[in-house]
Structures are given as structure tokens and as C-alpha cells.
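A.B. asks: Chain W is already provided as a structure; the job is to place chain V on it using the hints.
Chains as they are written, first to last, in our numbering: chain W, 1 to 216; chain V, 1 to 310.
Hints in this document: simulated from the structure, not taken from any laboratory. Each hint should be verified, as a subset may be incorrect.
What the hints assert, rightly or not - Not everything, but these chain V residues come out facing chain W in the computed CB check (under 8 Å): (1) His51; (2) Thr53; (3) Leu215; (4) Gly218; (5) Val228.
Claimed, not checked - Listed next, the stretches of chain V that the computed footprint assigns to chain W, with coverage defined by at least 3 CB atoms under 8 Å from CB atoms of chain W: (6) 111-117; (7) 219-226; (8) 275-284.
A virtual CB, placed ideally from N, CA and C, is assigned to each residue, including glycine.
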Amino acid sequence: MIQLEQLTWQVAGRTILADVTVAIPANTYAVLMGSTGCGKTTLLEILCGLRKPTSGRVLLDGVDVTHLEPRERGIGYVPQDLALFPGLRVREQIGFAPKLRGMPIEELNQRVNRLAEQFGITHLLNRLPDLLSGGEKQRVALARALAAQPKLLLLDEPLSALDESMRAEAVSLLQRVQSEHELTVLHVTHSSSEAAALGHLHLRMAGGRLEIDSKV
Amino acid sequence: MSFNRSNLCWLVLALITAGYLLFWALLLGATASYSTLESWLKVLMSSEIRHATWLSLVTCSLAAGFALLLAVPVGYLMSRREFRGKSWLDAALDIPIILPPLVVGLCLLIFFQTKIGKVIENGFDVNLPVIEVPESWRPEPEFKSVGEDEFAPRSRVIPMPDDRWKHTLHIPGFPFTYQISGVILAQFVVAAAFAIRTMRGTFQHLSARPEDVALTLGCTRFQALWHVALPAARRGMVAAFCIAWARSLGEFGPILVFAGATRMKTEVLPTTVWLELSVGNLEAAVAVSLFMVLLAVLVLVVVRATGEKV
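The shape of chain W in the complex, shown without the other chains:
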């Protein structure tokens, strides 16, 4: 369960987020829509701890995490540009978080191989990010985030770089991942069809305020 309580973000005298209050139940696939520049990415960055809100609180399973560092929150984040680590092979990208936590090498390899199999990227494990297609990069970024076993996954327009045929495949992959890993997902998108296919809960941001979209 994720709760946002009167979350406000102001920068240079401008209010980007105003008293954002919402609760997303556990194991829910929430979809957030809104016009460009309305503060969707800012909201995700506040949730995962990359920005400190001007005021308000973020609660994860009832625990106030507002002042915790990103690494202490257990939130996975896949940004719009996917942000794969330059110079690291796919195997190292997926194994990044487990290795950081000192996981034994055998267990780490098992986790990497299992995720690679799940995402259909076993044949790419030794490739560098520069040699991957848009769809492959997206799968690697998702696998990398899930390797850290987060409770909440934040996706910032993860399908925007994919063409129409790959998008349908990616939508079913996301549905499968969410149910198999029992994740709470907050997915930012501009696509109504994507939102309709994926979302259990539809949110809309406008004028710095967040509302539950009952029209969908």
C-alpha cells in the first residue's frame, strides 16, 4: 500500500505539485496520465527519494519514508530513457543490485538467469547496452529493477520508445510481471490504450493536482 499525503513540490516560486493525496492499494497496477510538464516525473522522483518534497508525506505500507534515502525505500524505478549503465554488460546490469547487497555468486547467477529467462533476454546476457534494440533495452531495465525485489515499481513512460507491434507484446509482459511478482506498479503514460489495457486504478494529473479518473 502506498499513500501520498498532501504532497507539495515548489520550485522557483512555482507550484508543480499541490497537496497531492492518494492511496494505491498493494498489488495494484496504477496508471498515471497527464499533459507534458504537469509534474508526473517529479512525482515519481519524490516517491523513490530522488527529490525531497516541499511538504507532505510518502508512506509505504504505513511507514513514513519521506526522509529515507532512495536505497532504503525498496522502490524500483525505470525512467523514460531506461538509463542502462554504460559499459556494463546485460548480466552485470541485472546483477547490479544483488551484487551490491553481497549476494553469493551462485545465488546471484541463479537470479540473473531466472530473470533473463522470464524476460526472454538470455541470449543477450553478454551484450553491452549500445548493442541492444529499444525493446531489448526496456526488458533489461525492467529485469534490473526487479532483481532488487522492490515492493513498488515506478515506470516512467517505459513503452514510449517502442513501435506499435512491440508495444502490444510489452503490455502483456508488464501484466505478467506485475502478477507474477505481486507488485504494486505506478506507470506513467500518455497512451490511453496502454492505460486501458494495464490499469486497475487510473489517475490523472492536472494543474498540479492528482485525481482518480473515474471516466475510464
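C.D. replies: Coordinates of chain V only, in the frame set by chain W:
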């Protein structure tokens, strides 16, 4: 091909560029043709110039290494963090670039005449608590070297009234003025500014997003720098090292003022050129100059290969 005004404009610009390059080619060509290969080799094999060459190579490498160690954290801070007074700090970091080289040397020389500078060079005494020592344990009341090394701490035990002993430990300093370490410091202070500029540019061109993601995956800021930013910036690091190295190689003014130009001691290649010119040995000065041009071209090739711009 129609010759319109736009083409004329490009032609004029190309001629200006070609004229400038031709000027440089003539300069280098004239210098290269001044002497013969045999006389260059003879000059370069002389013991003084071999010493100056080795000293240059070693001091430039150390200065560039230290410059890189400073440039990475400073460049990362300046490219990733917004804070009050950043533009002032940014300008201050460029001071060594705009200062006249002789002034840099003079600043170093004067700094090591101040109290702080003297402490750095000569060391300082630490007074340990007054202790009571049985007569049989009392050492000689004089300096005692703890080890063979001249830089090892020395302690002094001074007898006081009432059978107590004052114990003073001497922490040795590190001399710079007119020393080889002074050559490295003089090269470092200027080279570091160029290395910082290069690393700042490198980090600015790299997206901060992968580091943000690394933070959510469990990294501290230091770990994100170490595991994500530094591997991505390795080409920039090579370029920063090379630029700092090349800058150190050409350094003359600060070295002359601060470290001196003592043959077989603090003489580096630019000093050699100056020393040879001052005694009218133009052939030797030309040979060393051409050797430095060759090294500079090699550095330029390496920097270009990294994809960075000087």
C-alpha cells in the same frame, strides 16, 4: 558548380584556416631543418638532457595523476550539484588558467615562506604529557631518530626540575622549495585546473539518470559515482590525464621561480631549452624543443582517440 556568395564565404574561411595551419607548419619546419638528425641524437643522449627528460616524464606523470585525483571529485561536484555561489567557485577554479605562469611560481614561493608553508616544509613539534620516568629508563636528552629514514619522526626528551621529563615528538615536514617535489607541485597547480575543466565537461555530457537509478537499486552516492559514473567517464579521465600531462610538460615559469633550474636536480625539458638558449647553444635547444613537440603530438593523438576535445 555554381559559385554563389555562400561558397565564397566558405572559401574565405577555408583560406584563413589553411593560412594559420601553414604558418604553424612553416614554424615547425624551420625549427626541424635548423639542425641534423645526428646532432639531435648527440644532444638528446647527453647525460644532462637524459636526466631532464626522465625527470620531466616522471614529474609530469605524477602531477597529472594527482591532478586527475583532484579533478574527478571536483568535476563531479560541479557538474551534478547546484548550490549557492557555484558560479563564483566555477570562476575561482579557472584562476590558475588565467594567472601569468610566473605569478603562480611567485605565489608558491611566498606561500612556503608563511607560517603554514614553513610548517609543511619543516614539520612541527608535539609536546607530549610530562612524564615521570625511573632513572634507569631515562634516555639521553637529545634528538633520537626512531628509524633510519630521515623523514621518520624524531623525539626529544628534555629533563625538567623535580625528576620529571618533558617529551617532545618532532613530526617531519615535506620540503618543496627548490626540490623535485616543488617541480611536481608547480606542474600540479596549473595542470589540475585543466584536468578539472575536462572532467567537469565529461560529467556534464553524461546523463545523471543512470546514477539516479543506481541510488534506487541500493547505492550510496559514493557507490553510484564509483560503480556507474566513473566507468562511464573513463574516456574523459584518460583525456584529463593527457591534458594535465601535456600542460605539465610545457610548464616553465612556475618551475623556474619555485623549484629553480639546477642542472641534474630540478631541470626539466622546458628549463633545458631556457638554459641552453641562455648559453647560446641553439642546437641543443632546438633538439629538446622538437622532442617536446613530438611528445605533445602523441598526447594530442591519445586525447583525440578518447573522443574528448582539448
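A.B. asks: Now tell me if each hint is right for this structure.
C.D. replies: Verification of the hints:
1. His51: Status violated, d = 41 Å.
2. Thr53: violated, 36 Å
3. Leu215: Holds, because the Cβ-Cβ distance from Leu215 of chain V to chain W comes to roughly 4 Å (cut-off 8 Å).
4. Gly218: With Cβ-Cβ at 5 Å, under 8 Å, it holds.
5. Val228: holds, 5 Å
6. 111-117: Contact hint for the region 111-117 of chain V vs chain W: violated, 0 residues under 8 Å.
7. 219-226: holds (count 3)
8. 275-284: violated (count 0)
Of the hints listed earlier, those the structure fails to meet are numbers 1, 2, 6 and 8, in rising order.
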